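Participant: Given chain H, put chain X in place with the hints provided.
These protein sequence lines map, in sequence, to chains H and X. Quick note: the first sequence uses the working numbering, first residue 1, plus one each step. Quick note: the second sequence uses the working numbering, first residue 1, plus one each step.
Just to be clear, a hint being listed does not mean it is correct.
[As the list claims (entries may be wrong)] No farther apart than 30 Å at their CA atoms in a straight line, the calculated lysine-lysine pairs in the DSS-like style are these:
no. : chain 1 : residue 1 : chain 2 : residue 2
1   : X       : LYS260    : X       : LYS272
2   : H       : LYS110    : X       : LYS260
3   : H       : LYS110    : X       : LYS272
[As the list claims (entries may be wrong)] Incomplete in silico selection of chain X near chain H, CB under 7 Å:
no. : residue
4   : LEU13
5   : LEU14
6   : PRO25
7   : PHE194
8   : ILE253
9   : GLN259
No wet-lab data here; the hints were simulated from the structure. All of these numbers come straight from a predicted model, not from anything done at the bench. Ideal Cβ placement from N, Cα and C applies to all residues, glycine included.
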Amino acid sequence: MSTGTASATAGSPHVTSTFRHAMIWPAVLVILLVGLFPVIYTLVTGFQNINMFDEDTGFSGLLNYRRLAGDIRFWQSLLHTFIFLAIALPVELVLGLLLALLFLERMPGKQIFIALLVLPVVTSPIIAGAAWRLLFDNRFGPINEIIGWLTGEPEAILWTVDPTFVYPAILIAEIWQWTPFMFLLLLAGLSNVDSSLMEAAELDGAGFWQTFWHVTLPIIRPVMWIAVLIRGLDLFRLFDVVWALTRGGPGTMSETVSIYAYIQGFQQFETSYAAAMAFAIIVLLSILVMMALRRMEIDR
Amino acid sequence: MRRGRLTLAGRYLLALAALVFFLFPIYWLVMISFKTPEEIFATPPVWWPAQIQFENYLVLFRDGDAETVWNSLVIASTSTFLAMLLGTMCAYSMARFRTGGRNFAMWVISNRMVPPIVIVFPIFLLYVKLGLVDSFAGLILLYTAFNLPYVIWMMRGYIQDVPIELEEAALVDGCTRWQTFRIIVLPVVRGGLFATAVFTFVFAWNDFIFALVLTRNEATTFPVQVTHYFGGQSNFWAKIAAMSTLGTVPIFIAVAMLQKFLVRGISMGAVKG
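Here chain H stands alone, though its shape is the one from the complex (with noise of 0.2 Å):
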């Protein structure tokens, strides 16, 4: 990971520790404010009971806690962000595998095609879902025109307010958005792997899907970890096209837990309860992520 030699110039006469410091300060302090700042904010603020009417900073202990423990809407809202992750994430890395595995293959020109393919990652999310509703609008919109080619009748599918039709269409924005994610960085990962070690494996008679399975995949499987972990926390956060699409409609059957924090802390201004949440959402995570990434040193 880091140089050997790094140690030896730490020891150089020229290096004060004035220098060394002086270097990582400004940036600490700048950190701060995103890292330590909220946390001890939303961990004061929870135990108190601050709203719209009332700012009463005194201790209210677990009056907040016991809420949210109660709060049937927050729960569910928790459980949608996971079927949004549960579904979203093991599809984009599928179809990214896939797509790394066609453009492993001699291709003329494959770098032209890599280029315009990573284009949705780099657009904002809010607008990546903008245009998804500009697509799935029930009258305006290609879809329900492409859907009725085939079907072969006009069809007139609310997407964005149908309780049939929001989690595709959430999901569909989410994955396209997404899966060339996956794929840049599992190709990148696959064209690491030695050729030689898969054309041996064949020679000795493992089948296509065989050499993937015993030879492909160990190789790849840090970059897939790596690829999983940062898709899994973007997911987790999950807002702007859900925001863009749905508002977290029709009632709140598409909420993700970030929008139902904003909607607490910013349109219902219950300053302590947002707080609480907020909190819970950072042990939550930080559980999350203890338990990933050691599954991954095992996985090592």
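Facilitator: For chain X alone, coordinates are given in the frame of chain H:
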């Protein structure tokens, strides 16, 4: 491995199908921005405008809505500059002297994992007290702070790749540490600096949730402006499309120039591509 599965033609066909799927939404968005109202609200939909016309863009400039792109530009580039400056200094100290050690490095990157909604809520209440809501300074400070862990993490990787002998030679020649950093290290990692800066810029440029909470009208960025066009009953399609295109094309151009650094950039340095 390379024999007897898909023919070259078959591969191209699949690649083309993927390309159509991943580019069509972008095509649709850009194309709507050139349509007339009659073409936008036609059933069945019009697949390409009869004539390219720029009225949808002119409206944005006439009404002053295009200013939000300018706001985005100022905020994203200033915060990028600050994050790059502070972050690269910090990364140098970490990479060369192991300042803080592994735990400090892990702490730095863990700040990147916190969901924005958790950060923005306390920040909003702080900014209300400090009078920073709806100000350029407020957003710039927040984006700088939020992007710093990424910059530090990336630049630490790039600096670790620089052979240490270069610096030792400079030190022997009598350069101070700071001079060595500025004159020797920075030029060597300029590719990494440039790539990291562009991705940092993209994060700030594309952000929605921070800007949604922390702006009203003075400092509104373009993604927030786009959502203003979604009404309860009617959506201003032409404006949505034109504003989105205006804000997206510059990013596409920047990233097209950065192909070499793309994988390392979006994987947070985990995959060197």
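Participant: Holds or violated: is the Cβ of X:LEU13 closer than 7 Å to a Cβ in chain H?
Facilitator: 10 Å, violated
Participant: For the pair we were handed, H:LYS110 and X:LYS272, check the Cα-Cα distance against 30 Å.
Facilitator: Cα-Cα ~19 Å, so holds.
Participant: Using Cβ atoms only, decide whether X:GLN259 comes closer than 7 Å to chain H, and label the hint accordingly.
Facilitator: OK, holds: X:GLN259 within 7 Å of chain H, min 6 Å.
Participant: For H:LYS110 and X:LYS260, compute the direct alpha-carbon distance and say whether it is at most 30 Å.
Facilitator: Holds, because 14 Å separates the two Cα atoms, which is no more than 30 Å.
Participant: The hint names X:ILE253 as touching chain H; please verify it with the least Cβ-Cβ distance against 7 Å.
Facilitator: With a minimum Cβ separation of about 11 Å from chain H (threshold 7 Å), the hint on X:ILE253 is violated.
Participant: Is the shortest C-beta separation between X:PHE194 and chain H less than 7 Å?
Facilitator: 16 Å, violated
Participant: Hey, X:LYS260 versus X:LYS272, does the alpha-carbon distance stay inside 30 Å?
Facilitator: 10 Å, holds
Participant: Close enough to count: is the Cβ of X:PRO25 nearer than 7 Å to one in chain H?
Facilitator: 5 Å, holds
Participant: Does the interface hint hold: is X:LEU14 within less than 7 Å of chain H, judged Cβ to Cβ?
Facilitator: Cβ of X:LEU14 sits 6 Å from chain H, so the hint holds.
The earlier numbered hints that this structure contradicts are 4, 7 and 8.
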